[in-house]
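Listed here are the chains, written in short residue letters.
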Amino acid sequence: MTEAHPIGLSIRGGVKVYPGTRALKGVDFDVRMGAVSVLVGENGAGKSTLMKLIAGVEDMTEGTITMDGREVRFRTKADAVAAGIGIVFQELNLFPNLSVAENIFIGHEPTRGGVDIDTEKQRVETRKLMERLEQDITPDTLLGTLRIGQQQIVEIAKALAQDARILILDEPTSALSAAEVEVLFRVIDELTAQGVGIVYISHRLEELIRVGDYITVLRDGTITGARSMEGVDIPWIVQAMIGSSSKEYGRSEVANFGPEIFRAEEITLPRMGGGFTVDHVSLSIRAGEIVGLYGLMGAGRSEFLECVMAQHPHSSGKFWVEGKPLTERDVPGRIARGIALIPEDRKRDGLIQIMAIRENLTLSSLPAFTKLFHLNLKQEAQTARDFIKRLTIKVASPENPVSSLSGGNQQKVVIGKALMTGPKVLLMDEPSRGIDIGAKAEVFRTMRRLAAEGLGILFVTSDLDEVLALSDRIIVMAQGRVTGEFPAGTDAAKVISATTPNAQVPKEAAE
Amino acid sequence: MTAVPAPKDAQGSSILLTILQARTYLALILVFGYFALMAPNFMTLANTVIVAKHAALTAFLAIGMTFVIITGGIDLSVGSTVGLTAMVSGWLILYGIDPGLGWSIQFNTFEVALIVMCVGIFVGWINGILITKLNVAPFIATLGTLYIARGAALLSSGGRTFPNLSGNPEYGSQTFPLIGAGTFLGLPFLIWMLIVVGLVAAYIAKRTPLGRHIYAVGGNERGAALSGVKVDRVKIFVYMFSGFCAALVGLIIASQLQAAHPATGETFELNAIAAAVLGGTSLSGGRGKISGTIVGAFVISILADGLVMMGVSSFWQTVIKGLVIVAAVVIDQAQSRLQARVALQQEAAASR
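Residue numbers (the numbering used here), protein chains in the order written: chain G, 1 to 511; chain B, 1 to 352.
Read the hints as simulated data drawn from the structure, not as lab findings.
As the structure is a computational prediction, the values presented were derived from the model and not from experiment.
Please note that a few of the clues may not be correct.
[Claimed, not checked] In silico DSBU-like pairs for lysine-lysine, Cα to Cα no more than 35 angstroms straight-line:
| no. | chain 1 | residue 1 | chain 2 | residue 2 |
| --- | --- | --- | --- | --- |
| 1 | B | K289 | G | K389 |
| 2 | G | K440 | G | K424 |
| 3 | G | K371 | B | K206 |
| 4 | G | K389 | B | K230 |
| 5 | G | K324 | B | K230 |
| 6 | B | K230 | G | K318 |
| 7 | G | K318 | G | K347 |
| 8 | B | K133 | B | K206 |
| 9 | G | K394 | B | K289 |
| 10 | B | K206 | G | K394 |
| 11 | G | K424 | B | K206 |
| 12 | G | K394 | G | K318 |
| 13 | B | K230 | B | K133 |
| 14 | B | K289 | G | K371 |
| 15 | G | K371 | G | K494 |
| 16 | B | K206 | B | K53 |
| 17 | G | K378 | B | K206 |
| 18 | G | K424 | B | K133 |
| 19 | G | K347 | G | K378 |
| 20 | B | K230 | G | K347 |
| 21 | G | K494 | G | K440 |
| 22 | G | K378 | B | K321 |
| 23 | B | K53 | G | K389 |
| 24 | G | K440 | G | K324 |
| 25 | G | K324 | G | K424 |
All chains, please: the whole structure from these sequences, using the hints.
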């Protein structure tokens, strides 16, 4: 087998450290030429980081990359491209205002004398590439007029135009129709026949089994399974993805739910260019209940939370808090009614980085410290100190800028800010994103405690393990719709299959 | 990778940081000391009062500008607003308001001042509405009002000066010249006004929810909005406050000169921005102090007046002013970088 598919690139002991987290902890990974090496793992497991190392987007902290027996080091993307590595990111990096040929040769245009672009050569090369990919796309077509699947093909052509011998495809099928997926798979077959090594990342497990020759499973920055695809089935993948020993965030006390505290009915958010980002979503939460909202990226979960927090004026539908309709149209009004949001992107939405920890904590609750227009700084500082203690936020001084804290402590500041408003319903978008394992456990313990105090919690996560362990009820969303609702203790495979309700690949493998 | 030299290094950079943070005050002491030694008559009482009066005018505009810049915006229209409000003061003193019925309404000094302030606040309100509700970039919106206000000022008199604004005792406006010339307890009125406006602005910045929201909007607009800050209201307020400050200056100048010229206040907005930046206000928003801005205004005015007294050519004055502003921003950047490094060192030391 090794003879059939020689190793084209291998990583040994790959470590990548970001401030506050170790994204990769000593990873060994091989790319085999003329075969498809599949990489699977949950969001945040380290797949993208690993691919960024190979593509030269990020520099490796420790470890070696070997190509053709020589040790190589990619400091920039250009280094990797020169070594024959092409990457197609999940979000396409194309220019809709330029033609197909111009897109393919952007950044390395063939020129006459270094100045004049040789458009004829571009066209000829593009036509050759399109023939190789079996596509009927003319070089002068404006990219913006192509369907998304065709654009994906153009992106692949772009990588091939630079003589890519190793091609990384990051979730290439997420935007494709069933027919386009078939085309893509044919293209992949041909490329492997031509000796190209392909790394294929996807969440669609059936698809992986069909297209892959080798599989590598990542969990929390370590490899939990690597083998040839022969004999691999979905239960094996799920097992490797989430592990056998579930992390201990489980409910310790007996569940004791109160009455319904929050209800959403027919929430709809139209998408630009047709369709819905949030498609008639209805759900309810009881006091003391933790509801996990699971799904893949782009399923509309964050957008749903944003609708609750009045971020989308064009959304329609109705909300109730404690049985009374939520008619307030702006954020302060909704905060006053007991809604609190902990946004997914701490940096962008959750915190004012240059302000002090104290100022961030109290930002949503300033009226509580204000008489007429005078801010009682003493009372404010006292309350801030209380919350820092209550949430065990590790700070040198509450007056330090919040940006000086680690990810986990920053997240606690965001939670503290939300709690200070005295919420009844807590919306948490990826509460464990970008924080280390210890801080995660603390955040989850805090969630448990808050639920026990009678809050209703709705949390969005892409971590299967987390949603299974923490939720009293699991709601799965896909393509803007609710596609499944499960009680605690549901089988992981069922939850996963609900995330891709109309997968284009036959499902025999799942049984 | 030894841990030993780190604390010493951190100490060194935190001393440097303290010096950088106090740079506006150091600059004030430096320019003041330099001219006190080098320029004859600089230290006389009469001259100090003149310099202070000049500085006060820049300081008013710069205080308004500081709030605007902290929210991440810019207000280019203040100079024109000064001109417009000066003309409005002149018009009201000379003609009152003529409803076209053969009689006119005349105003006393207090009423004139009140109307002028309202005009300034109105210009600011227009800026605010353009920027928040109509989504025009602050630079463009206030550039537009810059031209409109200047044009309106020119139209009001056909480009001529309103002369002899000494007021009319019949209408109770004979006290108008006192706004710019009067004194109280030995200090000019406008210095008292600066003290009041400065204290009120500093109070707003430090001890009111509004002030906190101003900083939050500049630091991270999205984050502030999600935290329940009414971003639009905050922005409209800062532009209205800036308009108020500009009107105050227009009124004072018309009163000081007892005349109103439509070109009054040209390029004042640049001095105001320079003073704010010199005082440590960050043009990227979220950072700035009223006290720093006032000191910055004094540095610029002392520099200008001192160079005049030393007989430096006005062309060189312009160059020097430019150099000082550029140097201020370069030092500001250096401070930000150093500050970030010191904070990281502290965090690293704490987690060790």
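Structure-based check of all given hints:
no. : hint                 : in the structure
1   : K289(B) with K389(G) : holds, 30 angstroms
2   : K440(G) with K424(G) : holds, 22 angstroms
3   : K371(G) with K206(B) : holds, 15 angstroms
4   : K389(G) with K230(B) : holds, 29 angstroms
5   : K324(G) with K230(B) : holds, 24 angstroms
6   : K230(B) with K318(G) : holds, 23 angstroms
7   : K318(G) with K347(G) : holds, 30 angstroms
8   : K133(B) with K206(B) : holds, 27 angstroms
9   : K394(G) with K289(B) : holds, 29 angstroms
10  : K206(B) with K394(G) : holds, 26 angstroms
11  : K424(G) with K206(B) : holds, 31 angstroms
12  : K394(G) with K318(G) : violated, 40 angstroms
13  : K230(B) with K133(B) : holds, 13 angstroms
14  : K289(B) with K371(G) : holds, 24 angstroms
15  : K371(G) with K494(G) : violated, 54 angstroms
16  : K206(B) with K53(B)  : holds, 26 angstroms
17  : K378(G) with K206(B) : holds, 13 angstroms
18  : K424(G) with K133(B) : holds, 32 angstroms
19  : K347(G) with K378(G) : holds, 28 angstroms
20  : K230(B) with K347(G) : holds, 20 angstroms
21  : K494(G) with K440(G) : holds, 25 angstroms
22  : K378(G) with K321(B) : violated, 42 angstroms
23  : K53(B) with K389(G)  : violated, 50 angstroms
24  : K440(G) with K324(G) : holds, 34 angstroms
25  : K324(G) with K424(G) : holds, 13 angstroms
The structure shown violates the earlier hints numbered 12, 15, 22, 23.
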